[in-house]
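Those sequence lines, one after another, are chains X and W.
Counting in this note's numbering, the first sequence runs from 1 upward without gaps.
Counting in this note's numbering, the second sequence runs from 215 upward without gaps.
Source of the hints: derived by calculation from the structure; they are not laboratory data.
Possibly wrong hints are sitting among the right ones.
To be verified - Computed footprint of chain W on chain X; a stretch qualifies when at least three of its residues, placed anywhere within it, have a C-beta under 8 Å from a C-beta of chain W:
#1 10–20
#2 113–121
Claimed, not checked - List time: in silico DSBU-like cross-link candidates among lysine-lysine, alpha-carbon distance up to 35 Å:
#3 Lys-65/X / Lys-139/X
#4 Lys-541/W / Lys-40/X
#5 Lys-541/W / Lys-217/W
#6 Lys-541/W / Lys-587/W
#7 Lys-85/X / Lys-139/X
#8 Lys-173/X / Lys-138/X
#9 Lys-558/W / Lys-40/X
#10 Lys-162/X / Lys-173/X
#11 Lys-755/W / Lys-587/W
#12 Lys-187/X / Lys-173/X
#13 Lys-139/X / Lys-495/W
#14 Lys-587/W / Lys-577/W
#15 Lys-65/X / Lys-673/W
#16 Lys-40/X / Lys-746/W
#17 Lys-495/W / Lys-138/X
#18 Lys-422/W / Lys-217/W
#19 Lys-187/X / Lys-162/X
#20 Lys-587/W / Lys-495/W
#21 Lys-14/X / Lys-495/W
#22 Lys-138/X / Lys-14/X
#23 Lys-541/W / Lys-262/W
#24 Lys-558/W / Lys-746/W
#25 Lys-577/W / Lys-85/X
#26 Lys-495/W / Lys-558/W
What you are looking at is a predicted structure, and each value in this text was computed from that prediction instead of being measured.
Every residue, glycine too, gets a C-beta built ideally from N, C-alpha and C.
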Amino acid sequence: MRTRFDEQLETLHKEMITMGALCEEAIARSARALENQDLKLAATVPDLAGQIAHEERDIESLCLKLLLQQQPVASDLRTISSALKMVTDMERIGNCAHDIADILLAAHLTPDAEAQEVHDMALDTIRMVTDCIDAFVKKDAALARAVVDADDTVDAAFVHIKSLLLEHLRTPKVDGEYVLDLLMVVKYLERIGDHAVNIARWVLYSLTGKREQK
Amino acid sequence: MNKRIFRAIFGAAMAVLLASFALLVGLLYTHFSSVQQGELRTQLALAKQGVEQNGLAYLDGLAPRDTRLTWIAADGSVLYDSASEAEAMENHLDRPEVRDALAAGYGESSRYSGTLLERYLYAAQQLDDGTVLRLALTQNSVLALVLGMLQPCLIIFGGAVILAFWLAGRLSESIVAPLNALDLDHPLKNEEYGELSPLLRRIDSQQKQLAAQTQALRRSRDELETVTYNLREGMILLGPDGLVLSMNPAARRLLDAQGPVLNEPILTVCRNLDLQTVLAKAQQGTPAETVTQLPAGAYQLDASPVLSDGEVRGVAVLLFDVTERQKAEQLRREFSANVSHELKTPLHVISGYAELLMLGMVKPGDIASSGEKIHAEAMRMTQLVQDIIELSHLDEGAKDLVWEPVDLYAAAQNTVQSLTAQAEQAQVFVSLQGDSVVIDAVPRLVDQILHNLCDNAIKYNRPGGHVWITVAAEADDITLAVQDDGIGIPDAQQTHVFERFYRVDKSRSKAVNGTGLGLSIVKHAAEVLGAKVSLESEESKGTTISIRFGYPKTEK
Chain X
1 MRTRFDEQLE TLHKEMITMG ALCEEAIARS ARALENQDLK LAATVPDLAG
51 QIAHEERDIE SLCLKLLLQQ QPVASDLRTI SSALKMVTDM ERIGNCAHDI
101 ADILLAAHLT PDAEAQEVHD MALDTIRMVT DCIDAFVKKD AALARAVVDA
151 DDTVDAAFVH IKSLLLEHLR TPKVDGEYVL DLLMVVKYLE RIGDHAVNIA
201 RWVLYSLTGK REQK
Chain W
215 MNKRIFRAIF GAAMAVLLAS FALLVGLLYT HFSSVQQGEL RTQLALAKQG
265 VEQNGLAYLD GLAPRDTRLT WIAADGSVLY DSASEAEAME NHLDRPEVRD
315 ALAAGYGESS RYSGTLLERY LYAAQQLDDG TVLRLALTQN SVLALVLGML
365 QPCLIIFGGA VILAFWLAGR LSESIVAPLN ALDLDHPLKN EEYGELSPLL
415 RRIDSQQKQL AAQTQALRRS RDELETVTYN LREGMILLGP DGLVLSMNPA
465 ARRLLDAQGP VLNEPILTVC RNLDLQTVLA KAQQGTPAET VTQLPAGAYQ
515 LDASPVLSDG EVRGVAVLLF DVTERQKAEQ LRREFSANVS HELKTPLHVI
565 SGYAELLMLG MVKPGDIASS GEKIHAEAMR MTQLVQDIIE LSHLDEGAKD
615 LVWEPVDLYA AAQNTVQSLT AQAEQAQVFV SLQGDSVVID AVPRLVDQIL
665 HNLCDNAIKY NRPGGHVWIT VAAEADDITL AVQDDGIGIP DAQQTHVFER
715 FYRVDKSRSK AVNGTGLGLS IVKHAAEVLG AKVSLESEES KGTTISIRFG
765 YPKTEK
């Protein structure tokens, strides 16, 4: 019975990593598509988001099955319950990446004066997602804490870009659509950062058993 | 082993003890029995004589302690008994010893008492008058003997058991101790037990075999590691359960794998989705490949299953750098697109004018100018096709080149002469300086270089501009420099001018007759000749392009 449980936990771990990898790929593709104006690449993101949603359902049912059939305790219970919470955040990351790709496909958005800032912010966000998945894979509490701290950088970048866009609105020849679309994109990036922080917090919980204060 | 030896020794001691005890009891008992029997006979003989001489009076005078004397008449009735009243006793005729005595004159028998603890020995003798005299002796049975000796026996037995237990323990330990102390690393140095030497020799030979095999294994593993360690391509070997068996440094670097990788699931080492996809296919038993974008560039992933007996025993993954190949492919695609575009433009003009001429829509006076335009575009196409042929020739490595001594200065002179008309037309002054230098080169390529460089210097110039051509020879360094004070090349575009079909000023390119292939040809030709091209330019100040032939001039 134990060995079967261990096997299922192993499967859960693998599925979580796969889902994390899908999330990383989705946001990386969205960011690359934004930077290089690669609409073909952007068009592949919805497919990835679909895969992520599928993976979320699989992992959820696996977790529920484990909870019901094996009645885990202590650290096993923490692992499973935090996995159950983490997949929700991962799925949201997939959704955000999907939304960014949608904006690109619909509006042919070309960041202009803010290109560098948006690029940096996207890189920071991708780093956060990669790090929180890494923290989960390697059971690295320090890395998870670093992700929680890195959120400030992304939030600051969001505020900065928002102020830049505000400057745009003050000029007489304002392209309203551009400002709104870019604001949406950076807001989605900021949301992805928040989800990465949530994931990192759940990793910390599964490792230490303590819920950190928000 | 210790336990078994102990049990054997202890068991044997116990068995010997018990057996000797039983035998001893048996022997003693028979001995005592026979002694008692003899005594019985003697006493009976004595009693017979007494009775025959004195009759009952002898018997009455006798007061036997251990024995019982009975006198029995011939009909079996008891005449006298030393233990009880004779009248009360039953007829003794059916007793075996009495019967024997009546029949043969003497009889013996023995009987156990009801409790089995005592045995009665009987001896009967017929007297001369036909009566029988019987003597009975009470003897303790074996059981009684044993029971009687039980307490001392048990004490002795207990003592023996303790002694045997202690001795067996000590002995078994002392037998096993040298075995435990055997030095199996050097089996032949043990001399404790001669009986073990065949076994030890065997162990020795097997140890040598093992050592040889281990060394062979280690060597082959080291070889593999050395080979893969220095491999530029990444290589990963996975076991059947997806655990990493080996991962060379190139693969670790390419996949950014940190921390320990050996015996880790590949998923925790690298989460690349393309890698997972090809691995999943390979683990099903079908080889798979794909191109993935890694931080270091585009890499081809090649995953092949390791099959044995139709079962997947692992997966080998190779990572090749295909960045260059992809770039080359892209260049080729761009080149063919550019070529068709460049060839189409003059063709439009030619076919347009030809159509006008064909339909007679050109005034007779304009026919000459139309023909000139057609000719000019045709010339342009010819030039283009020639350039393209030259380029593809150089691309293919140009194997059929004839190397011979070339006078660089003379070649430059020829070029200047051939371009005189063009220079005059553009109002550009061309000057040539330097000495005659002979190098070993391909004349056609040297001409190509000179022509293209001078042609560009004149073309991208302004009226009243200058072109200076210098042939300089130092110790073993020959430089050809073409300098102009023309329009120059902007900094940002200097890296691109050697690309095919690249034109700095796209709006001017139609005005200035050029193919965009000139500098590309120069670069390739210089590469074939083993020379280095360098470019210095400043916008609206002028350009200097120098070709350094790194090899010494040949003496005439």
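Each hint, compared with the structure:
no., hint, in the structure
1, 10–20, "holds (count 4)"
2, 113–121, "violated (count 0)"
3, Lys-65/X / Lys-139/X, "holds, 23 Å"
4, Lys-541/W / Lys-40/X, "holds, 19 Å"
5, Lys-541/W / Lys-217/W, "violated, 78 Å"
6, Lys-541/W / Lys-587/W, "violated, 38 Å"
7, Lys-85/X / Lys-139/X, "holds, 17 Å"
8, Lys-173/X / Lys-138/X, "violated, 51 Å"
9, Lys-558/W / Lys-40/X, "holds, 30 Å"
10, Lys-162/X / Lys-173/X, "holds, 18 Å"
11, Lys-755/W / Lys-587/W, "holds, 33 Å"
12, Lys-187/X / Lys-173/X, "holds, 24 Å"
13, Lys-139/X / Lys-495/W, "holds, 29 Å"
14, Lys-587/W / Lys-577/W, "holds, 15 Å"
15, Lys-65/X / Lys-673/W, "violated, 79 Å"
16, Lys-40/X / Lys-746/W, "violated, 41 Å"
17, Lys-495/W / Lys-138/X, "holds, 26 Å"
18, Lys-422/W / Lys-217/W, "holds, 33 Å"
19, Lys-187/X / Lys-162/X, "holds, 9 Å"
20, Lys-587/W / Lys-495/W, "violated, 62 Å"
21, Lys-14/X / Lys-495/W, "holds, 17 Å"
22, Lys-138/X / Lys-14/X, "holds, 12 Å"
23, Lys-541/W / Lys-262/W, "violated, 142 Å"
24, Lys-558/W / Lys-746/W, "holds, 34 Å"
25, Lys-577/W / Lys-85/X, "violated, 85 Å"
26, Lys-495/W / Lys-558/W, "violated, 47 Å"
In terms of the numbered hints stated before, the structure departs from hints 2, 5, 6, 8, 15, 16, 20, 23, 25, 26, listed from lowest to highest.
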